[in-house]
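K.L.:
Chain residues, written in single-letter form:
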Amino acid sequence: MQESFLSFLGENLQLFLTYTGVYNATPGHFVMIAVGLIFIFLAIKYEFEPMLLIPIGFGILIGNIPFKDAGLQVGLYEQGSVLNILYQGVTSGWYPPLIFLGIGAMTDFSALISNPKLMLIGAAAQFGIFGAYVIALQMGFEPNQAGAIGIIGGADGPTAIFLSSKLAPELMGAIAISAYSYMALVPILQPPFMRLLTTSKERLIRMKPPRVVSSTEKIIFPIIGLLLTCFLVPSGLPLLGMLFFGNLLKESGVTRRLAETARGPLIDTITILLGITVGASTQATQFLTWNSVKIFGLGALSFIIATCAGVMFVKFFNLFLRKGNKINPLIGNAGVSAVPDSARISQTVGAQYDPSNYLLMHAMGPNVAGVIGSAVAAGILLGFLG
Amino acid sequence: MYKMIRKNTGLLLLTLLLATGAQAQRVTSMRINEVLVINEDNFVDDYGKRNGWVELYNTSAGTVNVGGCFLTDDRNNPKKYPIPKGDVLTRISPRQHVLFWVDGIASHGTFHVNFTFDPDKENYVAFYDSDGKTLVDELVIPAGQKADISYGRKKDGENEWVYFTKVTPSTNNLTLDTNEKIDNFKLNDSRGIGMTITAMSVVFLGLFVLYYIFKQVARLAIAAGKARAQKAGVAGMHEGSSDISGEVLAAISTALYELNEDVHDIERTVLTIQKVKRNYSPWSSKIYSLRENPRK
Numbered sequence: 000m001q002e003s004f005l006s007f008l009g010e011n012l013q014l015f016l017t018y019t020g021v022y023n024a025t026p027g028h029f030v031m032i033a034v035g036l037i038f039i040f041l042a043i044k045y046e047f048e049p050m051l052l053i054p055i056g057f058g059i060l061i062g063n064i065p066f067k068d069a070g071l072q073v074g075l076y077e078q079g080s081v082l083n084i085l086y087q088g089v090t091s092g093w094y095p096p097l098i099f100l101g102i103g104a105m106t107d108f109s110a111l112i113s114n115p116k117l118m119l120i121g122a123a124a125q126f127g128i129f130g131a132y133v134i135a136l137q138m139g140f141e142p143n144q145a146g147a148i149g150i151i152g153g154a155d156g157p158t159a160i161f162l163s164s165k166l167a168p169e170l171m172g173a174i175a176i177s178a179y180s181y182m183a184l185v186p187i188l189q190p191p192f193m194r195l196l197t198t199s200k201e202r203l204i205r206m207k208p209p210r211v212v213s214s215t216e217k218i219i220f221p222i223i224g225l226l227l228t229c230f231l232v233p234s235g236l237p238l239l240g241m242l243f244f245g246n247l248l249k250e251s252g253v254t255r256r257l258a259e260t261a262r263g264p265l266i267d268t269i270t271i272l273l274g275i276t277v278g279a280s281t282q283a284t285q286f287l288t289w290n291s292v293k294i295f296g297l298g299a300l301s302f303i304i305a306t307c308a309g310v311m312f313v314k315f316f317n318l319f320l321r322k323g324n325k326i327n328p329l330i331g332n333a334g335v336s337a338v339p340d341s342a343r344i345s346q347t348v349g350a351q352y353d354p355s356n357y358l359l360m361h362a363m364g365p366n367v368a369g370v371i372g373s374a375v376a377a378g379i380l381l382g383f384l385g
Numbered sequence: 000m001y002k003m004i005r006k007n008t009g010l011l012l013l014t015l016l017l018a019t020g021a022q023a024q025r026v027t028s029m030r031i032n033e034v035l036v037i038n039e040d041n042f043v044d045d046y047g048k049r050n051g052w053v054e055l056y057n058t059s060a061g062t063v064n065v066g067g068c069f070l071t072d073d074r075n076n077p078k079k080y081p082i083p084k085g086d087v088l089t090r091i092s093p094r095q096h097v098l099f100w101v102d103g104i105a106s107h108g109t110f111h112v113n114f115t116f117d118p119d120k121e122n123y124v125a126f127y128d129s130d131g132k133t134l135v136d137e138l139v140i141p142a143g144q145k146a147d148i149s150y151g152r153k154k155d156g157e158n159e160w161v162y163f164t165k166v167t168p169s170t171n172n173l174t175l176d177t178n179e180k181i182d183n184f185k186l187n188d189s190r191g192i193g194m195t196i197t198a199m200s201v202v203f204l205g206l207f208v209l210y211y212i213f214k215q216v217a218r219l220a221i222a223a224g225k226a227r228a229q230k231a232g233v234a235g236m237h238e239g240s241s242d243i244s245g246e247v248l249a250a251i252s253t254a255l256y257e258l259n260e261d262v263h264d265i266e267r268t269v270l271t272i273q274k275v276k277r278n279y280s281p282w283s284s285k286i287y288s289l290r291e292n293p294r295k
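Protein sequence lines, in the order shown, are assigned to chains A and B.
At position 343 of the first sequence (counting the first as 1) the number is 342 in numbering that gives the first Met the number 0, and the numbers step up by one without a gap.
At position 169 of the second sequence (counting the first as 1) the number is 168 in numbering that gives the first Met the number 0, and the numbers step up by one without a gap.
Do not rely on the hints blindly, as some may be mistaken.
[Stated by the list, open to error] Keeping only pairs whose Cα atoms sit at most 30 Å apart, straight-line, the calculated DSBU-like set for lysine-lysine is:
#1 B:Lys180 / B:Lys132
#2 B:Lys180 / B:Lys79
#3 B:Lys214 / A:Lys314
#4 B:Lys180 / B:Lys48
#5 A:Lys322 / B:Lys180
#6 B:Lys225 / A:Lys207
#7 B:Lys230 / A:Lys207
#8 B:Lys132 / A:Lys217
#9 B:Lys153 / B:Lys48
#10 A:Lys116 / A:Lys325
#11 A:Lys293 / B:Lys180
#12 B:Lys153 / B:Lys78
#13 A:Lys116 / B:Lys214
Read the hints as simulated data drawn from the structure, not as lab findings.
Fair warning: this is a prediction, and the values are worked out from it, not measured in the lab.
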């Protein structure tokens, strides 16, 4: 009797062991856990996009706790699990537009409205998307996959998730992680290329202070912006519609409570859910593939191409501008959306050469134009390849 | 009164919007998609019988409930077969199909109509909205139909009608096993140059038009500002330039921001950029003005 009870205990213990994370762990899980820890370290130590890297980094830890697939509805990819339910906002693409609503409600387009030619820099930086698209095709990706990978160059996490969930859901985890990682790493990625492509004289260009923009102009902007961009690219409607709607809530002056909710509790909630689920989607078994490695490489390239295209476009544009109206090419990098980090980099690099030259407000122009540009580019890719 | 009118106007607009939104996903997007008049050696129903059938197709991107609508073979009697309400199967998902057996035995269930096709004549079939008046779609099936060959739209929901030797009840008329768009890009733009040129042109065009419009808006705004200034009699106002230093502007902006944000109570303080010097005086020292509690 005692012997059979002991053997029962032993069997149970053995069974329990097969359920533990230790038993089910693979080297891949530890690699991914290390990646998650690096994200958390970068966010806390260097404050690289902490709002994104902390949820994503911790999500990676959650997603890479090994477990036995026993239908317990634990993992993100198990239908009906809590994580799976939260992940539906990513797979069905409704988190990104809500993030855009919040971005619209917190973005001041004054810099862009006061100097509208800066919009063209935001357009030029989208070369990063299509440069990566061309290279991805050469590497053997299908056109829809190449389009989804290319959007990393838009430096816009929600747009990348939105587009990849439609064009190549199988690559979404890698694309999202790559986009957010490089957005966090813009302080490392961009400055060398900004310095490489500019002369010391160009870096000292002082731009005219932006004029004061009236509230009427600010109200008109989201309405005209929406009508124009969406009539041209209707497939960008979910992102652009919400972006401009959020901005109108902010600028109308009569929907303050709605604007505050959109740019406060709503965007915070969605950011938490988006970050944690995108992080958790990187289960080693699904994530650690050669394609993911290639996507990371292409992501870096797309950021570099976007930065270079923005800077080079400003230099080219300056050829046609009168003296006194010239643009400092150091704000060219801000054409990639990564708001406001890439604009801050323009300021930081510019201040290294002339501490009294404040480029931040000028750089915010192409920066927010980049948000519009990347959403338009995403709409085009979706229209062509969706 | 004014408030009530405003409230009612808002409600009216909301109702109108909701009605318009609902219209977009109503049964008007249903189409008669494929029919089989003579079924000899083909698809069987749940009773193991072979009969003619009509396939409807939801062309919209939203779910459509055909319950309460009508199917008929009689131009003078649009309400001949009312599709029963309350059956979950009458909810047709976006771009999906539903099949009705034309066997004349309505008692067999929701999807069995109370009329039959005549194999020797021209047949007529129509689909009416739930009001029994709005014709959604109709079809005249030519006489001389052959057994087990269906008559349907070449591609779901489109206008061209063809005969199918391989019938496709409750499924796509044209089987899509590839993505045409992607295949087209693979064939004609394997390097991605075409996509790059097209897409960048559109991005530039969009933002250029936005630039142009806001350049004009800026001109108008500046002109309007000047006119207002002149009207107000403000003399010596120079556009785009100012003698006020950045620090003063920052102080003014901060004050305005604080005022607009209304985060503080009104305090009797002065916002200044001057250094505040307070010399020590025992008369103003808190040490001497605080009172200790008496010890028990």
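K.L.:
Now tell me, hint by hint, if it's right for this structure.
P.N.:
For each hint, the structure was consulted:
Only pairs whose Cα atoms come within 30 Å are accepted, and Lys180 (chain B) paired with Lys132 (chain B) is rejected, the gap being roughly 40 Å. Between Lys180 (chain B) and Lys79 (chain B) the CA atoms are separated by roughly 43 Å; this puts the pair beyond 30 Å, and the hint is violated. With a C-alpha separation of about 21 Å, the suggested pairing of Lys214 (chain B) with Lys314 (chain A) holds against the 30 Å cut-off. Restraint check: the Cα-Cα separation between Lys180 (chain B) and Lys48 (chain B) comes to about 41 Å, which exceeds 30 Å; the hinted pair is violated.
Under the criterion of a C-alpha separation no larger than 30 Å, the hint pairing Lys322 (chain A) with Lys180 (chain B) is inconsistent with the structure, at around 47 Å. Taking the CA atoms of Lys225 (chain B) and Lys207 (chain A), the gap is near 20 Å; set against the 30 Å cutoff, the hint holds. Taking the CA atoms of Lys230 (chain B) and Lys207 (chain A), the gap is about 27 Å. The hint holds against a cut of 30 Å. For the proposed pair Lys132 (chain B) and Lys217 (chain A), the alpha carbon gap of about 49 Å is over 30 Å, so the pair is violated.
Distance restraint check for Lys153 (chain B) and Lys48 (chain B): the Cα-Cα separation of roughly 27 Å lies within the 30 Å cut-off, and the hinted pair is therefore satisfied. Proximity of Lys116 (chain A) to Lys325 (chain A) is assessed by CA-CA distance (about 11 Å); at most 30 Å being required, the pair is judged to hold. Proximity of Lys293 (chain A) to Lys180 (chain B) is assessed by CA-CA distance (about 25 Å); at most 30 Å being required, the pair is judged to hold. For a cut-off of 30 Å, the pair hint linking Lys153 (chain B) to Lys78 (chain B) stands: about 29 Å separates their Cα positions.
Of the supplied pair hints, the one linking Lys116 (chain A) and Lys214 (chain B) holds, its CA atoms being roughly 8 Å apart against a limit of 30 Å.
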